[in-house]
Amino acid sequence: MAAELTAHELIAKHRPTLDQALEAIRTRAYWSPHPEHPKAYGENGSLGAAEGKAAFDALLGGRLDLGQPGTDDWVGGEVSPYGLDLGITYPHADVDTLLPAMRRGQRAWRDAGAETRALVCVEILKRISDRTHEFAHAVMHTSGQAFMMAFQAGGPHAQDRGLEAVAYAYVEQVRTPETAEWTKPQGKRDPLALTKRFTPVPRGIALMIGCNTFPTWNGYPGLFASLATGNAVLVKPHPRAVLPLALTVQVARDVLAEAGFDPNLVALAAERPGEGIAKTLATRPEIRIVDYTGSTEFGDWLEANARQAQVYTEKAGVNTVVVESTGDYKGMLSNLAFSLSLYSGQMCTTPQNLLVPRQGIRTDEGPKSYDEVVTDLAAAVGGLLGDDARANALLGAIVNPDVKARVEAASALGEVALASREITNPEFPGAVVRSPVIVKLDGAKPDDQTAFMNECFGPVAFAVAVDSAADAVELLRRTIREKGAMTVGAYTTSEEVEEAVREACLEECAQLSLNLTGGVYVNQTAGFSDFHGSGGNPAANAALCDGAFVANRFRVVEVRSEV
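Sequential numbering from 377 applies to the sequence shown in the working numbering.
Errors might be hidden in some of the hints.
Stated by the list, open to error - In silico lysine-lysine, PhoX-like type, Cα no more than 20 Å apart, as pairs:
1. 415 - 429
2. 706 - 744
3. 560 - 572
4. 502 - 429
5. 502 - 389
6. 415 - 502
Think of the hints as simulated: they come from the structure by calculation, not from any bench.
Turn these sequences into a full structure, and let the hints steer you where they fit.
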């Protein structure tokens, strides 16, 4: 296969980007090569807004042929949460044919070395970035995210997470030198002398199991971590969110072929309705790595049953915010209102439980009772979403009927402080749009504990009355330990309470945000700087992204010989 992208061209084009990514993960400072603003696209080969929309529209009702081996059927069935029937079909694979084909390209990919693999991955991400407008529509119409969120989270932020994984993978692979000359003195005898060669070798084929809500953002870290460490990657998308990952596979296959590698190093495993192939694939002996984002139940099953593979899971947790006191009451309410509303709470990082002392809190506006805090928060959410156009831009659409059912059932769990409102989207009348519901619960009542100690995914928040700040910290600690948490927030002006919350998060291994009142929210994390999840509590066994996330995707094989 003649390479159109030579190693020299890749180095000249992308080594500076890789070096900047390496510096970013070292310093944790802000950096991104992927523009967040839609107007930044449309030149230098990237698609502008109209071109991206046209490219997406051209996909509808068609067949996305990836040219991969073992195709025995064409499958589809995606319907947008906004009501649009995508009508796209994808190759269904005979895995007994596809998996051996994927393995055939691994030797050349392994032998290419860490730098070449990293730079090929950067080229893949660059081409995806150039098509961000197209990908944004694909993410929007499979996840239900509003367009701007789909553009940013499904585009540049996802691309950042992919590049971050590539940078970590490169660091871990070059930690050991390629060769070493080893000499051991033997006194009067000649020294012992060996030449040693060290080669990072992949584990095998990686399986990336995609999620419905954030197919690219959650999918790219595992995909690129595995690919950059020499593994072939089989992408198994969620059946309701195939398109963004199918396009990703298409781009990856094109770049691999142009760089002189086997395109079957990356392939798609779409499934028939109800087929449920994830369990079958995850336990096949060829699969040596599994990445998964989704329910705790299936994540636990993978960890217990995919014993032949290294399994990385991001599951579910009960995210908690301790509200003890604040020096910016309005800013706190505004920040929490946005966090509860963004994408209808359909984020693994959205706060669910707000722990408020029943005697109230101290604020810059004077003391506020528990009831006042909850009432004012409800008013802040209501004000934020009072305009339907703004509400649609923030909420997006409910991703599936299960979320809608949970919102409707929440009002029976306790006193409703804020009822969920049905909102019409004039552009997409078929969209199901719901504002958050806030329910008041008592932290001391067993029935209420049953409600708030379980994840209620979607726009549902519980304002939990607790006896004191100490009780709030103890409940926080118990929640993280038993249920896990992707995020923890706290508002306090007390050094003692802040230290208690910090210590609880350090001991229980949960990521903490303190006193956010501006434009940064507890449910948002930045690539190259923030760790998404910790890998140290039941919500996830891995963090996006750190050295542990990439280092066990390859092993180092040593070959030594006498000089």
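*Tell me, which hint numbers fail for this structure?*
none
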